[in-house]
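Chain A is already provided as a structure; the job is to place chain B on it using the hints.
Protein chains in written order, with the working numbering: chain A, 140 to 275; chain B, 12 to 396.
Note that these hints are calculated values from the structure, not bench results.
Heads up, a few of these hints could be off.
To be verified - Far from chain B, by Cβ distances over 10 Å, these chain A residues were calculated:
hint, residue
1, Met140
2, Lys143
3, Gly154
4, Leu159
5, Gly174
6, Lys273
As the list claims (entries may be wrong) - Taking lysine to any residue pairs in the SDA-like style, the calculated list, with each CA pair at most 20 Å apart, reads:
hint, chain 1, residue 1, chain 2, residue 2
7, B, Lys197, A, Gly197
8, B, Lys87, A, Asp170
9, A, Lys273, A, Thr261
10, A, Lys251, B, Met22
11, A, Lys251, A, Leu240
12, A, Lys251, B, Gly200
13, B, Lys197, A, Ile177
14, A, Lys143, B, Gly23
15, B, Lys181, B, Glu215
16, B, Lys197, A, Gln183
17, B, Lys181, B, Ala259
18, B, Lys197, A, Pro182
19, A, Lys251, A, Thr224
20, B, Lys87, A, Glu172
21, B, Lys197, A, Ala184
22, B, Lys197, A, Ala161
23, B, Lys197, A, Ala226
24, A, Lys251, B, Thr201
25, B, Lys87, A, Leu240
26, B, Lys197, A, Arg180
27, A, Lys251, B, Lys181
28, B, Lys87, A, Arg214
29, B, Lys197, A, Glu225
30, A, Lys273, A, Pro259
31, A, Lys251, A, Ala267
32, B, Lys87, A, Arg213
33, B, Lys197, A, Leu252
34, B, Lys181, B, Cys255
35, A, Lys273, A, Arg146
36, A, Lys143, B, Glu20
37, A, Lys143, A, Ala158
38, A, Lys251, B, Glu20
39, B, Lys197, A, Glu160
40, B, Lys181, B, Gln207
Using N, Cα and C, we set each Cβ at its ideal position, and we do this for glycine too.
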Amino acid sequence: MRIKGTRLLAGDASGLLLALEAPLSFWGGLDPESGAVIDQRHPQAGAVVTDRILLMPGGRGSSSSSTVLAEAIRRGSGPAGIILTEADDIIVLGALVAEELYRRTTPVVLVKLEELRSFPRTGRVTIASDGTIKVG
Amino acid sequence: MRILVRMGEVMGASRLLDIESAHIDGCLYHGEAGLDFAERLAAGGARVRVPTTLNVGSLDLLHPELFRGDPDLAQKAGRLMERYTMLGCQPTWTCAPYHLVRPRLGQHIAWAESNAIVFANSVLGARTNRYGDFIDICAAVTGRAPAAGYHLAENRLATALVTVDLPDEKVAEESTYPALGFWLGKWTGTDVAVLQGIPESVSEDNLKALGAAAASSGSVALFHVLGVTPEAPTLEAVTGGGVCGRRAVFGVEELQTSLRDLSTATGDRLDAVSIGTPHASRQELERLAGLLNGRRVQRPFFVSTGRDVVELFAGLDRLQEAGVSVVTDTCTYVTPILADGVEVVMTNSAKWAYYAPGNLGIEVVFGSLRECVESAVAGRVTRED
Numbered sequence: 140m141r142i143k144g145t146r147l148l149a150g151d152a153s154g155l156l157l158a159l160e161a162p163l164s165f166w167g168g169l170d171p172e173s174g175a176v177i178d179q180r181h182p183q184a185g186a187v188v189t190d191r192i193l194l195m196p197g198g199r200g201s202s203s204s205s206t207v208l209a210e211a212i213r214r215g216s217g218p219a220g221i222i223l224t225e226a227d228d229i230i231v232l233g234a235l236v237a238e239e240l241y242r243r244t245t246p247v248v249l250v251k252l253e254e255l256r257s258f259p260r261t262g263r264v265t266i267a268s269d270g271t272i273k274v275g
Numbered sequence: 012m013r014i015l016v017r018m019g020e021v022m023g024a025s026r027l028l029d030i031e032s033a034h035i036d037g038c039l040y041h042g043e044a045g046l047d048f049a050e051r052l053a054a055g056g057a058r059v060r061v062p063t064t065l066n067v068g069s070l071d072l073l074h075p076e077l078f079r080g081d082p083d084l085a086q087k088a089g090r091l092m093e094r095y096t097m098l099g100c101q102p103t104w105t106c107a108p109y110h111l112v113r114p115r116l117g118q119h120i121a122w123a124e125s126n127a128i129v130f131a132n133s134v135l136g137a138r139t140n141r142y143g144d145f146i147d148i149c150a151a152v153t154g155r156a157p158a159a160g161y162h163l164a165e166n167r168l169a170t171a172l173v174t175v176d177l178p179d180e181k182v183a184e185e186s187t188y189p190a191l192g193f194w195l196g197k198w199t200g201t202d203v204a205v206l207q208g209i210p211e212s213v214s215e216d217n218l219k220a221l222g223a224a225a226a227s228s229g230s231v232a233l234f235h236v237l238g239v240t241p242e243a244p245t246l247e248a249v250t251g252g253g254v255c256g257r258r259a260v261f262g263v264e265e266l267q268t269s270l271r272d273l274s275t276a277t278g279d280r281l282d283a284v285s286i287g288t289p290h291a292s293r294q295e296l297e298r299l300a301g302l303l304n305g306r307r308v309q310r311p312f313f314v315s316t317g318r319d320v321v322e323l324f325a326g327l328d329r330l331q332e333a334g335v336s337v338v339t340d341t342c343t344y345v346t347p348i349l350a351d352g353v354e355v356v357m358t359n360s361a362k363w364a365y366y367a368p369g370n371l372g373i374e375v376v377f378g379s380l381r382e383c384v385e386s387a388v389a390g391r392v393t394r395e396d
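For reference, chain A alone in the conformation it holds in the complex (with noise of 0.2 Å):
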């Protein structure tokens, strides 16, 4: 299936699906270093982002974020696209500075919540720099 999202951070990227449960902050819920879930109080907490298409239900918590996400894909253990159900500034600026700094790019999309209702939750997802989210 297909859905056309709107392109916050225009790339192309393919990978596993991660389908977050719960919005996550990067910043005290993500270690750059190994890309792992450390928020204890996260559903997902020892998950790993690396290489995956994260699925947030939006981001939260702390402006430090940005950093997180940048320096995780500096470190090479990022996400390889990040798909957001509510718009949030601070991830996309993190991917965005990552990209100024060290011309990796991590494409971000916005899709509207219900269309996701009969997205699977696991597959092979690639993100086109259209926006388009295919899945499968």
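For chain B alone, kept in the frame of chain A given last:
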């Protein structure tokens, strides 16, 4: 400027507006990406154009002996702090810049640090979005910010109503406010909430704790308190004559659940106490000294605060004689200050309780300032009820 314009597009802004101050969060070291960015700006000769305060760094420059981490990390963290002062920012090193500067009602500012953002918007009525690392310094250097989000009056109106329905003694209890904020952050989502049922006498420190908690458990950047905060004189004014689509009651049950969820440890083991997240105000330091009342703490006891607040506080010797370590310029949950072997830490801060278990790998006990003090004096967790 390129980053600002691209972010403006993401935020749906058609123009930039002038800002009158900035608060920078990017000076806290999270890895080389932050340092690379600051070096890039400094190498290009950038200088801030508006009065700009700095958030906490990773080091306590006044008490360097408190740092227990890797010297290489300390060196990089110190270089990052130095780079930001070279850009013309004031070396305030505090997450509570509102103790030093007071943006006016309606003034446009670009503040980073989630607790400072929610305080400036809600308690002071200044206008800032949730700025974060990188864009904060871009705004300070250009003096501009995208005209979007909470800079615009229509986005500041309340869209959700919370009725605080608690007995008087709970309303008067300080730990109610971080617990309420913890609940609010999870409930609010993208709405702007107005709270009713909080008395006019609520302290600024209570509102600070409420906002900091709501900005930790959720992404709250603005809330209103009916009859208390400047944009909420009446329900009609704060909603713009509209209707709050979502409503909830915060009662005794919600309060008890929040208080319970803020602790991860049970039992009475206590290894250390940490308060002052966000940085303690002068009033909070005075309350701490009063509660200690000459007694010595039996466990390491840290209070984080701003260096400028310490300078105005007359009772520093009373805290030191009681065995309290005063931490400035940084915070105990962002940098290695607690000793190895510390497993259970008590705090009165919902923000600290929220982040410390993940950051430091410790267990946390949440309690009021009184309970923190009594526990530290007794050497074990002591509850009032």
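Outcome of the hint check:
No Cβ of chain B approaches the Cβ of Met140 of chain A within 10 Å, the least distance being about 26 Å, so the stated non-interface status holds. The claim that Lys143 of chain A lies off the interface holds: its Cβ sits roughly 18 Å from the closest Cβ of chain B, which is beyond the 10 Å cut-off. Every beta carbon of chain B lies more than 10 Å from that of Gly154 of chain A, the smallest distance being close to 21 Å; the non-interface claim holds. At the 10 Å boundary, the C-beta of Leu159 of chain A stays outside the reach of chain B, the nearest C-beta of that chain being 14 Å off.
Separation of Gly174 of chain A from chain B is adequate, the least Cβ-Cβ distance of about 13 Å exceeding the 10 Å criterion. For Lys273 of chain A, the requirement that its beta carbon stay farther than 10 Å from each beta carbon of chain B is met, with the minimum near 23 Å. For the given pair, Lys197 of chain B sits about 12 Å from Gly197 of chain A by alpha-carbon distance, which is consistent with the 20 Å threshold. With a CA separation close to 18 Å, the supplied pair Lys87 of chain B and Asp170 of chain A stays within the 20 Å bound.
This hinted pair checks out: Lys273 of chain A and Thr261 of chain A have alpha carbons roughly 12 Å apart, not beyond 20 Å. At roughly 16 Å between alpha-carbon atoms, Lys251 of chain A and Met22 of chain B fall within 20 Å of each other, so this suggested pair holds. Pair hint Lys251 of chain A plus Leu240 of chain A does not hold up; C-alpha atoms about 30 Å apart against a cutoff of 20 Å. Our distance criterion of 20 Å between C-alpha atoms is met by Lys251 of chain A and Gly200 of chain B, whose separation comes to about 15 Å.
Restraint check for Lys197 of chain B and Ile177 of chain A: the C-alpha separation of about 19 Å stays at or below 20 Å, so the hint holds. Note on Lys143 of chain A and Gly23 of chain B: the hinted pairing holds, with a Cα-Cα distance of about 19 Å set against a maximum of 20 Å. For a cut-off of 20 Å, the pair hint linking Lys181 of chain B to Glu215 of chain B stands: about 17 Å separates their Cα positions. Distance hint between Lys197 of chain B and Gln183 of chain A is fulfilled; the C-alpha atoms sit about 17 Å from each other, no more than 20 Å.
Pair hint Lys181 of chain B plus Ala259 of chain B holds up; C-alpha atoms about 18 Å apart against a cutoff of 20 Å. Taking the CA atoms of Lys197 of chain B and Pro182 of chain A, the gap is near 14 Å; set against the 20 Å cutoff, the hint holds. Pair hint Lys251 of chain A plus Thr224 of chain A holds up; C-alpha atoms about 6 Å apart against a cutoff of 20 Å. For the hint linking Lys87 of chain B to Glu172 of chain A, the alpha-carbon distance of about 16 Å falls within 20 Å, and the restraint holds.
A distance of roughly 18 Å separates the Cα atoms of Lys197 of chain B and Ala184 of chain A; the hinted pair therefore holds under the 20 Å criterion. Taking the CA atoms of Lys197 of chain B and Ala161 of chain A, the gap is about 10 Å. The hint holds against a cut of 20 Å. For the hint linking Lys197 of chain B to Ala226 of chain A, the alpha-carbon distance of about 17 Å falls within 20 Å, and the restraint holds. Between Lys251 of chain A and Thr201 of chain B the alpha-carbon distance is near 14 Å, which keeps this suggested pair within the 20 Å criterion.
Simply put, Lys87 of chain B and Leu240 of chain A have alpha-carbon atoms about 18 Å apart, close enough for the 20 Å limit, and the pair holds. For the given pair, Lys197 of chain B sits about 12 Å from Arg180 of chain A by alpha-carbon distance, which is consistent with the 20 Å threshold. At roughly 40 Å between alpha-carbon atoms, Lys251 of chain A and Lys181 of chain B are farther apart than 20 Å, so this suggested pair is violated. Using a Cα cut-off of 20 Å, the hinted pair Lys87 of chain B and Arg214 of chain A holds, with the two alpha carbons roughly 17 Å apart.
A distance of roughly 15 Å separates the Cα atoms of Lys197 of chain B and Glu225 of chain A; the hinted pair therefore holds under the 20 Å criterion. This hinted pair checks out: Lys273 of chain A and Pro259 of chain A have alpha carbons roughly 11 Å apart, not beyond 20 Å. Of the supplied pair hints, the one linking Lys251 of chain A and Ala267 of chain A holds, its CA atoms being roughly 17 Å apart against a limit of 20 Å. For a cut-off of 20 Å, the pair hint linking Lys87 of chain B to Arg213 of chain A stands: about 16 Å separates their Cα positions.
For the hint pairing Lys197 of chain B with Leu252 of chain A, the CA-to-CA distance comes to about 18 Å; that is within 20 Å, so the pair holds. Proximity of Lys181 of chain B to Cys255 of chain B is assessed by CA-CA distance (about 26 Å); at most 20 Å being required, the pair is judged violated. A C-alpha spacing of about 14 Å is found between Lys273 of chain A and Arg146 of chain A, which places the hinted pair at or below 20 Å, so the restraint holds. Among the hinted pairs, Lys143 of chain A with Glu20 of chain B is consistent with the structure: their alpha-carbon atoms are about 19 Å apart, no more than 20 Å.
A C-alpha spacing of about 18 Å is found between Lys143 of chain A and Ala158 of chain A, which places the hinted pair at or below 20 Å, so the restraint holds. A distance of roughly 19 Å separates the Cα atoms of Lys251 of chain A and Glu20 of chain B; the hinted pair therefore holds under the 20 Å criterion. Between Lys197 of chain B and Glu160 of chain A the CA atoms are separated by roughly 14 Å; this keeps the pair inside 20 Å, and the hint holds. Our distance criterion of 20 Å between C-alpha atoms is met by Lys181 of chain B and Gln207 of chain B, whose separation comes to about 15 Å.
Comparing the model with each numbered hint stated earlier shows that hints 11, 27, 34 do not hold.
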